[in-house]
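Asks: From first to last, the protein sequence lines are chains E and H. Just so you know, we're using this note's numbering here: the first sequence kicks off at 1319 and counts up by one. Just so you know, we're using this note's numbering here: the second sequence kicks off at 66 and counts up by one.
Bear in mind the hints are in silico, worked out from the structure with no lab data behind them. All of these numbers come straight from a predicted model, not from anything done at the bench. Incorrect hints may have been included.
DMTMM-like mimics (lysine to aspartate or glutamate), calculated; alpha carbons at most 25 Å apart, straight line [unchecked claim]:
| hint | chain 1 | residue 1 | chain 2 | residue 2 |
| --- | --- | --- | --- | --- |
| 1 | E | K1363 | H | D90 |
| 2 | H | K120 | E | E1373 |
| 3 | E | K1421 | E | E1438 |
These stretches of chain H come out as covered by chain E in the derived footprint (C-beta under 8 Å, 3 or more residues) [to be verified]:
| hint | region |
| --- | --- |
| 4 | 89 to 95 |
| 5 | 98 to 112 |
| 6 | 141 to 149 |
Derived CB-CB ranges, DEER-like [as the list claims (entries may be wrong)]:
| hint | chain 1 | residue 1 | chain 2 | residue 2 | range |
| --- | --- | --- | --- | --- | --- |
| 7 | H | G130 | E | D1385 | 37 to 47 Å |
| 8 | H | E85 | E | E1450 | 37 to 47 Å |
| 9 | E | S1424 | H | A207 | 54 to 64 Å |
| 10 | H | S93 | E | E1450 | 28 to 38 Å |
| 11 | H | R76 | E | S1463 | 24 to 34 Å |
Every residue, glycine too, gets a C-beta built ideally from N, C-alpha and C.
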Amino acid sequence: MAGGEVLRQNLPEKLEESPSGANELHVLAVDDSLVDRKVIERLLKISSCKVTVVESGTRALQYLGLDGDKKSSIGFDSVKVNLIMTDYSMPGMTGYDLLKKIKQESSVFREIPVVIMSSENILTRIDRCLEEGAEDFLLKPVKLSDVRRLKDFIMRGEVKEGEKRCCKRSRSEDCSPSSMTHPCDSSLLSSLSSSSVLSPLSPSTLSSKKSRL
Amino acid sequence: MDVLQLQRKLREHQAAMLREGFLDDQFSQLQKLQDESSPDFVIEVVKMFFDDSEKLLNNMTRALGQVPVDFKQVDAHVHQYKGSSASVGAARVKNVCATFRNFCETQNLEGCVRCLQQLQNEYSLLKNNLQYLFRLQEQIQAAGGSIPTIE
């Protein structure tokens, strides 16, 4: 199904298909601490997420293909990330800097939810991050319950978007394949040309901002 | 010593470490992340923490030996150590780091040097206690028993 394949590649929020066929959340975790990287990786893996861990904001941007070294202008990347979790305090590029860079992107990348993690409970910091578009602010050490809550939230957002899009046949340019449910006829997908850009996830679905106050 | 006795010893030792504040709940959280697919997770994380500790303690020592002392630099190392100790549940180490950071902020060299000493002591105690814990675990596993987790 060539049409569907092309469309799927444009969706960074598409859930990864694991070998077993089950849909997995792909999380990009960013932390300069070796110990914390190991812990967050385990937390995510045990929560059935696909994990990529990097040690800096620079590496994160490289991984996403946002470091200015773009391979193609269409942004056909094999990288699909559903969530970014980044430490706040990092040398060089802080988590806040990374958040800003991602939110400044005028592509589907800015729709990827970004969560900030910090060992310091500083109100102004939390506010700043949320204002800049962070999905949530987690106090370290991050717990399994935090990850589960995040995962549920992201997955619900995926389902809602999928249902919302698939059922709006009147606005065909908005209708795009959902990775979670496919109530749409697959023939609808193949009728869409590859140049019809999918509408990114609407901010309202994913931006119920939470604060740890 | 048989498996049951070893397991009891392990439970008692873990309980003591919690009671005396060497470890906090975060350590139990880490144990929950260990399973058949990652059977040595806790030991691996702790080993990383030990390496991190030695590196950071050395950095702090060097930074405090400079003339003049760059307290921001010292604080950066302490902040990192506070973070990783919190991540493994090393409560006493973490608490000393908190005090240490205050001295960095007020640029109190004497206070900093005292804290560094305390940190080295706490780290040493923690390391010995954890290594004893892991030895018990090894013995239990060698005898075919299972590792009781902290309740």
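Asks: Any hints from earlier that this structure breaks? Give me their numbers in increasing order, please.
Replies: Hint check: nothing fails, all pass.
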